[in-house]
Amino acid sequence: MALLEIRDVVKRFGDFTAVNHVSLAVEAGEFFTLLGPSGCGKTTLLRMLAGFEQPDSGEIVLDGQNVASVPPEKRPVHTVFQNYALFPHMTVAQNIAFPLKMAGAATDEINRRVAELLEDVRLQDFAKRYPHELSGGQRQRVAIARALVNRPKLLLLDEPLSALDAKLREQMQIELITLQKEVGITFVYVTHDQGEALALSHRIAVMNQGQVEQLDAPEQIYSYPKSRFVADFIGQCNLLDASVTEVGAERMTLEISGVGACHTLPVAGAQPGQKGCLALRPEKIKLGASLPADDSDEVHFKGRVHDCLYLGDVTIYIVELDNGMLVETMLPNSAPGRAKFFDDNDLVELAWRFDAGHFILA
Amino acid sequence: MSKPVYGLGGRYAKWLISAPPLLYLLLFFAIPALIMVFAAFRFPGDYGGLVPLVDVNPDTGARELLLTAENWRDFLTFENFGRFFEDSIYLELFLKSFWYAGLTTLICLVLAYPLSWLIARSGKKTRDLLVLLVILPFWSNFLIRVYAWMIILGPQSYFSRVLNGFLGIFGIEPVSLLFSQFAVIIGLVYVHLPFMVLPLYANLEKHDMSLLDAAQDLGANAWQRFWKVTWPLSLPGVWAGVALVFIPALGMFAIPDLLGGTNSMMIGNLIKQQFLDSRDWPFGSVLSIMLTLSVLLLAAVAAWAGSRHKKKD
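Chains A and B, in that order, are what the protein sequence lines are.
Take the numbering used here: the final residue in the first sequence is number 348, and no numbers are missing along the way.
Take the numbering used here: the final residue in the second sequence is number 306, and no numbers are missing along the way.
To be clear, the hints were calculated from the coordinates, so they are not data collected in a lab.
Certain hints may be false.
[To be verified] Straight-line alpha carbon distances no greater than 20 Å define the calculated SDA-like cross-link-like pairs of lysine to any residue that follow: (1) 270(A) / 210(A); (2) 87(A) / 206(B); (3) 199(B) / 67(A); (4) 114(A) / 226(B); (5) 87(A) / 225(B); (6) 87(A) / 216(B); (7) 114(A) / 299(B).
[Unchecked claim] Label pairs and their computed distance ranges (CB to CB): (8) 153(A) / 104(B): 39 to 47 Å; (9) 170(A) / 225(B): 32 to 40 Å; (10) 118(B) / 9(A): 38 to 46 Å; (11) 122(B) / 154(A): 53 to 61 Å; (12) 129(B) / 156(A): 54 to 62 Å; (13) 295(A) / 225(B): 48 to 56 Å.
These figures come from a predicted structure and were not determined experimentally.
Beta carbons are placed, not taken as given, at the ideal position from N, Cα and C, and that holds for glycine.
Make the full structure from the sequences, and use the hints.
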């Protein structure tokens, strides 16, 4: 049985339904992420897991016990807060010792565990410092150590990296993954940063308007988004409006409005005449001055470079097709002796394989 | 980066700005305090005041200093201090005043803490209204408010009659509320309560509520959340309130005068008596100095205890 099961949970604030019939299960030892834009209900769901909010209906089953009405201080669940919420009047060691003291642990045990955790987060030399004497990354590590010290069954992390600058955030992501493997505690992580979610998680629940849009492994979510929202929210994606013209066993034919026909992989339940969109990642599209048309699995379109965004390692080209539609593509700047491939207004050809995109039914 | 340019020229500006209050304090606090210290070593004059050090020479009409290296014993003395320590009555009065002020401070703290917490946690509009209500009594004169208490506690008041009627049911003799230690404490608490509420409110209002969430999340119950988080973080406000209540309460003379009986005199009353009734300025000065010294001593002990407590952790 899963460590944590959320069963049909609903939470309303007045007229606003923050969490709308959400059910999901988190396995022991998993790094699970709730991802979504602000106001999607992810934080409310997290607060219900911590115990700060009670669900209006549904069950939250932790380790076989319904904890929906158990107060936060009685749950074997700890939270790393967005602003860390370190106690300013306590040293690093006192902060980390706090949960153990509340649990009534013996002094020896407290000292031993605090020393262990200080080592885990590499803050041995900072035990006697106060929070205001630490950098953002160090405070973050204290907050994590404090939440882990008495081995909760579940660690909740509420956008813990959002206050850090980009470089430090990346470093902390690596530390988080390592730490989670080391301690083996189940992490439920809340973020609105899709890159962070993809990098950290075993599984991601993408939330929108109080509901889970898709629950899958990061690569599934990225490659096979189930809805327009997921495709659009996770990474960059071309969403080409199309309708189904023919459904075969291995191929499905689409008519992309105003551009032409193309093949794609069939999706369950698709019928000729149905509308939807083809989700096509920029990096799956081939781009060249002219591309050999020898592969029948590919579809080709002509266009003109409308804009380019030079990012250093790659350049993003926005290509305008003959009918005026804009398609985003990406090329690594890997050509020796050249900074990039094309300039604005260059005539180019686009191509993608039938299995490059993923059709989403409207 | 270039230095910002101030209209008055940076260096002199700070002196120019601080000169008026400095001058004021020098003239009306520092110099009078020094005069008082000096007065404590002089003899009282025959009709009050002090034995003069300067006299007009009847022959020349010039003012001359009477004090010389030979006759200083006729003008300066330690006797006034001796008198303070000779009779235990003064020390007892000091202790009693400390007890009154301490009790007042404690009652104010116990009453003000939950009130301040409540104000700090209310919505913006309610908060402003409640703070206004706390300072509202300042809009009327202090003495008038104390007179009001004389009426409230007086034997003819509804309050006294209902209370005594109630006590009568159990066969208890009627009590007189006014002119008692009870009335003095009531008055002291009433007058000083806002001085405890305001610094506490200012402190509690700034508390980061997510700390309480964190403490609860980490296993602290309501009692632990208060004693481990809210209380230690509110200590600066508590100390400010304690100082603002204890020190003025210690020197208070109007309230014991008006509400107290014969046995509820405080140091303030004694000092007032020395200066205005007995017209013994030197001894009044001695009492004032001892009062100041004892407050300083208390503050020093508190600071020492505080630093020791911090080291222990």
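Comparing the hints with the structure gives:
1. 270(A) / 210(A): Since the Cα atoms of residue 270(A) and residue 210(A) sit roughly 13 Å apart, the hinted pair holds (cutoff 20 Å).
2. 87(A) / 206(B): It holds: about 17 Å lies between the C-alpha atoms, which stays within 20 Å.
3. 199(B) / 67(A): 19 Å, holds
4. 114(A) / 226(B): Roughly 18 Å separates the two Cα atoms, so the pair holds.
5. 87(A) / 225(B): Status holds; Cα separation ~16 Å.
6. 87(A) / 216(B): 14 Å, holds
7. 114(A) / 299(B): 19 Å, holds
8. 153(A) / 104(B): 39 to 47 Å: For residue 153(A) and residue 104(B) the Cβ distance comes to about 52 Å; the hint is violated.
9. 170(A) / 225(B): 32 to 40 Å: Hint holds: Cβ distance 35 Å, inside 32 to 40 Å.
10. 118(B) / 9(A): 38 to 46 Å: Holds, at about 41 Å.
11. 122(B) / 154(A): 53 to 61 Å: 45 Å, violated
12. 129(B) / 156(A): 54 to 62 Å: 56 Å, holds
13. 295(A) / 225(B): 48 to 56 Å: The hint (48 to 56 Å, Cβ to Cβ) holds, given that residue 295(A) and residue 225(B) are roughly 53 Å apart.
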